[in-house]
Amino acid sequence: MNKKQKRMLRRILIAIALFFATLILEKTGLIAAVFGPAEVYVAFALYFAAFLIAGYDVLIKAWSNIRRGDPFDEAFLMTVATIGAFATILFPETEPQSAEGCAVMLFYQVGELFQSYAVGKSRKSISEMMDIAPDYANVERDGKLEEVDPEEVAVGSIIVVKPGERIPIDGIVVDGSSQLDTAALTGESIPRHVEAGAEVISGCINMTGRLRVQTTKPFGESTVSRILELVENASEKKAKTENFITRFARVYTPVVTLAAIVLAVVPPVLGMGPWTDWVLRGLTFLVVSCPCALVISVPLSFFGGIGGASRLGILVKGSNYLELLSKVDTVVFDKTGTLTSGTFNVVAVHPEAGIDPDYVLSNAAYAEAFSDHPIAVSIKRAYSGEIDQRHIRDVREESGHGVSAVVDEHVVMVGNDKLMAEHGSSWHECDLTGTVLHVAVDGVYAGHIVIADVVKDDAAQTIRDLHAAGVKKCVMLTGDRRDVAEAVAKKLGLDEVHAQLLPEDKVSAVERLLRLERGDGKLAFVGDGINDAPVLMRADIGIAMGAMGSDAAIEAADVVLMDDKPSNIARAMRVARKTMRIVWQNIVFAIGVKVLILVLAALGIANMWLAVFGDVGVAIIAILNAMRAMRVER
Amino acid sequence: MRKSFKLDEIDCANCALKLEDAIKKVDGVDDAKVNFMTQKLTLTAPDDRFADVLDKVVALVADIEPDCEVIR
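Chains as they are written, first to last, in the numbering used here: chain G, 1 to 634; chain L, 1001 to 1072.
Keep in mind that the hints were calculated from the coordinates and are not lab data.
Some hints here could point you the wrong way.
Said to hold, decoys possible - With a cut-off of at most 25 Å between alpha-carbon atoms, the simulated BS3-like pairs for lysine-lysine come out as follows:
#1 G/Lys472 - G/Lys578
#2 G/Lys3 - L/Lys1006
#3 L/Lys1024 - G/Lys238
#4 L/Lys1006 - G/Lys237
#5 G/Lys124 - L/Lys1024
No experiment lies behind these values; they were computed from the predicted model shown.
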């Protein structure tokens, strides 16, 4: 609790003590015994004192609203309802409602305090998650370390990260080795080992050794800044349900207020009973007329859900995406880097008769020298020699087909059968399952290299979990060969597979699947953010995974999984479903109780006590329920 | 110029919405955003009038939400 809340609590406690003391004195007949017929006035004064202690700020606020000509808010409604209840003292023929008037204000303030506390708590858990922002960076200047604002560090500077410190800016380790705690970013508790040459990401905690890091980005574009920006802006993208509540709240308050006036005026004019009785019913209406329970708890649930997800390393960019995610019934996966680890390994080299396997491999490695594609990386890894880049020129990437380059004045072509066919070279099929890279030198076929990708450990479990969670269709898209794709699909239990797709084919495949969506169902696309930004945008929800450090992925996706475990997709869906369940529970509960109390109040059955429960009690229950959204399974 | 300020003690989502609408109407404000959850006010106003506009906004906030304070 902060200072203001503590002050509030003290006021409320004093008021409650005074309220109950008065109540006991009144009910036991002590006041009546001492003051005789003036009893009601003494009780009134005591209740009114408690009322002022608890709620003077509400009265002030209501007055300043009236002065500004914008009276319709809860402070005004509370003031009218409570003052109205106290005013019954002026009508001796009705039972005075002083206790009720005081209690309404007390409950209201307890509710406000609670709400402020709950909001503060959820803010805190978010800011704990956001407490990944480093305050300073150690820069080496003339051999001495200086602490500077990370914003002032130029790209390419050398910074030093001591054990126990957070890495302030993305960069590459120049020397030193250490263990990094990435839990704040990924939810992953196993530390990551880094040494010279490794990329490090801001926000991770350096655990054991001293690292010297060359920065590759300015602070503002580093991972940590981007994540903070993303989470902060998440609550600005409102879900449909939230917009519905906002519209509902705008209509609800004036309608109920109007109904209260009609209820207070019309029946007594028609001679259906005494004025005081109907005015009291009207006041009861006013107490229930605040939509606070909804206006608070729905955004709070969403924010809780987003906050909870972020603790698992799942960044949801807006409440609307959380809502969409809960309706997903088709999940489309990109294969490489998503279901498979994307770390390809050369499993076989098949040269043509009379050709040295090393010749095939070295040519491939040279042609792929400038590519960061996982396949290229695996070939370079398998090639034992040094690559002298001066021997290479005219490198051309042929999207989805392969690459061609001039190496030592020989035209080297590395790619799939389509590339071979296009350039009029012959090729051999391979009987191994995997990605087959054909290599042709000066148009003469030299042989092929077989590369296989490893399926991720939790991929099969993910598909099972998604099916269990009600996802009807799990589809895999890949640029890989059909037999490779089908082998993976079978192993994982996927429902559909589309193979041999070029990047642009993936967009049209997703569009086709989108057309098949029926009713409320939504389609999610899961990719690793490399080359699939258009698909991520096209799907109802784009999920990028393994996004630590990948700007393009963070930019294009709606949901970002910080680590590369597909099981987080099922988790994200569970969080989304739970959040939506809580949201709807709150909506149905709050509106249901309010309507019920309105009906009972109109009939004269519900008294003001029940109305107070209908207002504050419901709000508190709804807030408590909303806070459940923050709790997530690890 | 665009600048963010912390809005201390803004406790209700509805009030945040109202506050945002009111700030947007202040003369000289190009755009304003009140983020309830992060307690942040993002104000966009012309450079030469920024200090002036900010004063008006702070006064307005103090008027509408007496509990809430703009920390500059």
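These are the hints, each one checked on the structure:
no.: 1; hint: G/Lys472 - G/Lys578; in the structure: 19 Å, holds
no.: 2; hint: G/Lys3 - L/Lys1006; in the structure: 17 Å, holds
no.: 3; hint: L/Lys1024 - G/Lys238; in the structure: 19 Å, holds
no.: 4; hint: L/Lys1006 - G/Lys237; in the structure: 20 Å, holds
no.: 5; hint: G/Lys124 - L/Lys1024; in the structure: 28 Å, violated
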